[in-house]
Amino acid sequence: MSSWTFVDSIAYLHELGVADVILPFLLVFTVSFAIFEKIEIFGEGNKSIHAVLAFVFGMLVVIPHVMNPTN
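Numbering (the working numbering) for the sequence shown: 17 to 87.
If you're looking for bench data, these hints aren't it; they were derived computationally from the structure. There's no promise every hint is true.
What the hints assert, rightly or not - Just the calculated beta-carbon pair ranges, DEER-fashion:
no.	residue 1	residue 2	range
1	F22	L42	36 to 46 Å
2	A35	L76	31 to 41 Å
3	H30	S64	30 to 40 Å
4	W20	M75	25 to 35 Å
5	S19	I57	47 to 57 Å
6	F22	S64	36 to 46 Å
7	L39	A67	34 to 44 Å
Given the structure is predicted, the values throughout are model-derived calculations rather than measurements. In this text, a Cβ means the ideal position worked out from N, Cα and C, and glycines have one as well.
Model the full structure from these sequences, guided by the hints.
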């Protein structure tokens, strides 16, 4: 039985789509959420609205890439 190495872990995460889906989503979500919190576009204390909008922006970036993978 072979042992599980760090390289195997990275390859497994790559197969799951971490580099193609999860990291871009997290980047767009984090940046857009921070911008919404900073400019307070919907007033002070509306973190849930900011989170939903940041989630939508993140999905708008990721979904076309996942649905049409031809580059």
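Each hint tested on the structure:
1. Checked against the given bound of 36 to 46 Å, the beta carbons of F22 and L42, roughly 22 Å apart, lie outside it.
2. For the hinted restraint 31 to 41 Å between A35 and L76, the CB-CB distance of approximately 19 Å leaves it violated.
3. Separation of H30 from S64 is about 33 Å and conforms to the stated range, judged on CB atoms against 30 to 40 Å.
4. Between W20 and M75, the C-beta spacing of about 32 Å keeps the proposed range 25 to 35 Å intact.
5. The hinted window of 47 to 57 Å between S19 and I57 holds, with their beta carbons roughly 51 Å apart.
6. About 38 Å separates the C-beta atoms of F22 and S64, a value consistent with the hinted range of 36 to 46 Å.
7. In this structure, L39 and A67 break the distance hint of 34 to 44 Å, their C-beta atoms being roughly 19 Å apart.
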